[in-house]
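There are 4 protein chains.
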Amino acid sequence: MTEQIRPNNLQGTIQCTSHKTFILPIRVYYEDTDAGGVVYHSKYINFFERARTEFMRQIGYELDELAEEDKLLFVVRSISCDYLLPAKFNDELFVSAEIIEAGKTRIHFEQKVMKADDIQNQSCITLAEGKVTVVSVDSEKFKPKRLPSQIMESIKSVI
Amino acid sequence: MTEQIRPNNLQGTIQCTSHKTFILPIRVYYEDTDAGGVVYHSKYINFFERARTEFMRQIGYELDELAEEDKLLFVVRSISCDYLLPAKFNDELFVSAEIIEAGKTRIHFEQKVMKADDIQNQSCITLAEGKVTVVSVDSEKFKPKRLPSQIMESIKSVI
Amino acid sequence: MTEQIRPNNLQGTIQCTSHKTFILPIRVYYEDTDAGGVVYHSKYINFFERARTEFMRQIGYELDELAEEDKLLFVVRSISCDYLLPAKFNDELFVSAEIIEAGKTRIHFEQKVMKADDIQNQSCITLAEGKVTVVSVDSEKFKPKRLPSQIMESIKSVI
Amino acid sequence: MTEQIRPNNLQGTIQCTSHKTFILPIRVYYEDTDAGGVVYHSKYINFFERARTEFMRQIGYELDELAEEDKLLFVVRSISCDYLLPAKFNDELFVSAEIIEAGKTRIHFEQKVMKADDIQNQSCITLAEGKVTVVSVDSEKFKPKRLPSQIMESIKSVI
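Chains as they are written, first to last, in numbering that gives the first Met the number 0: chain A, 0 to 158; chain B, 0 to 158; chain C, 0 to 158; chain D, 0 to 158.
Check each hint, because a few of them may be wrong.
One copy or two, it doesn't matter: identical chains are merged, so the pair holds either way.
Claimed, not checked - In silico DMTMM-like cross-links for lysine to aspartate or glutamate, where the CA-CA straight-line distance does not exceed 20 Å:
#	residue 1	residue 2
1	140	67
2	130	68
3	140	91
4	114	152
5	87	69
These are computed hints drawn from the structure, not numbers from a lab.
As the structure is a computational prediction, the values presented were derived from the model and not from experiment.
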């Protein structure tokens, strides 16, 4: 209940969120920025997906294996994102993924893009926050497909 | 009141929306797709921005000139998008932009990604629909900046 | 021999190249730029592909139909690009595709990214130029596959 | 002469190249792939830049600080890339950056995209290899600017 889920190689990164939240560090490269000098707004949506992919890996699931062996694909059904502060070139961001709710074929995530607060050491400021709903579909027919019970249990253990 | 706003070179494209809505045709290239075989979900957010940019050009404003001459930049404050049906490689899409409301520093858009319906000729099916709020900011200080009255009038004429 | 190949809806655009060269106008949006204020360098490679796709459409081939019906896919074998001058946000670019040589399974393109020269009316300046070699492969086995004779003839007619 | 340059957090990754070569592990996400089921070809060019950025960080230089404090920007002058084997969704790639030569305002890199060879343990297969030339320019005037002697020395120590 109280520990944070994250990859082994992230030990030592700063604490940015509460329990049961997965955090992926992401470096901002030139490809992520636009002529306004900041990270292009749709890139945050990509960052969200990177964090969800690493979250699934962390709890034991490789998305390529699910697609090939279990014919299970997660497709995005809806997204929303509020932009609070801009991220810039070369920033080290911390992108979170937290499962809020899971149904038979749906998983609801809350996600944030954060950055270390230079003034308040060991804490984070939130640059953007959003919600993403993914639906599990059959990877060939593209029709909704019930989440296998094993995945459902893994997910419930981290809600 | 009843005519559609669109660029001169789009004459002859099918009717996909009601009045006061700008429509930009966008071809799907490989760069827009992912290994799921469909258009990657964050790309719709890029398509939305292309349509907003062309909408502004259509009503008389070039965003690069606004940034340089008027120090006015539009930054995205929030987005949401529902994904209904997938777009595929080589599809010709029609991306709409409609201003729903405009405040002193904010413009609210409703936007859709559509595709010609092969069965019902002359009509469209909606693949995705979303809302985008942009804020006008000073292009140097990055602080909210009131929309110039001329732009406000142009916008009001198309709401 | 002497006329230029281009889509019907581009009639009237300025002359930027010699005969047998296809030209696609491409508008630069924010998504294409980076924090240096210019178009991100790998985006030119995307622009090249858009122009090759439209070139193939112009001479009668839809790449999605070739993949599904003829199991024929074009994959990029090599690219090179020299960057001469930067393209900027909101620029209208003209991207060319010209077939230089075609073998049994290979097509060699020369491509340019150009822009109207504001000073010398009716002429263009070259911002980038590159070469791209694509290989025709079986869309399922991913092995080289001989170009169908009909495509080969179409290609030869535009070399 | 004989040791490999890489970030501390990469300790333990497999050996993929000879001495003086920097290696950055990069995970392939859906955003990097296309409908052909493989990594989109221009994405390798982005991966190359990520590796060059991390290389510069490794030898002591943050590109955002160089741009702001030293008014020094590196712009890409030319690229070339040969595609040998496709990378796929979820692959863990190893992207190398090696400086081959450095002049007053130019740095020539050789770069590879590699992947662990499942059969031959501890070795790598090369998926793509390319060359990139960057030019140092004044970040405001966009004119070539001589590399500061300190950077030149750092670079010479890793050639």
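Next item on the list: Compare the structure with the hints numbered earlier in the document and write down the numbers of the violated ones, lowest to highest.
Entry: Hints 2, 3, 4 are the ones this structure does not satisfy, whereas the remaining hints hold.
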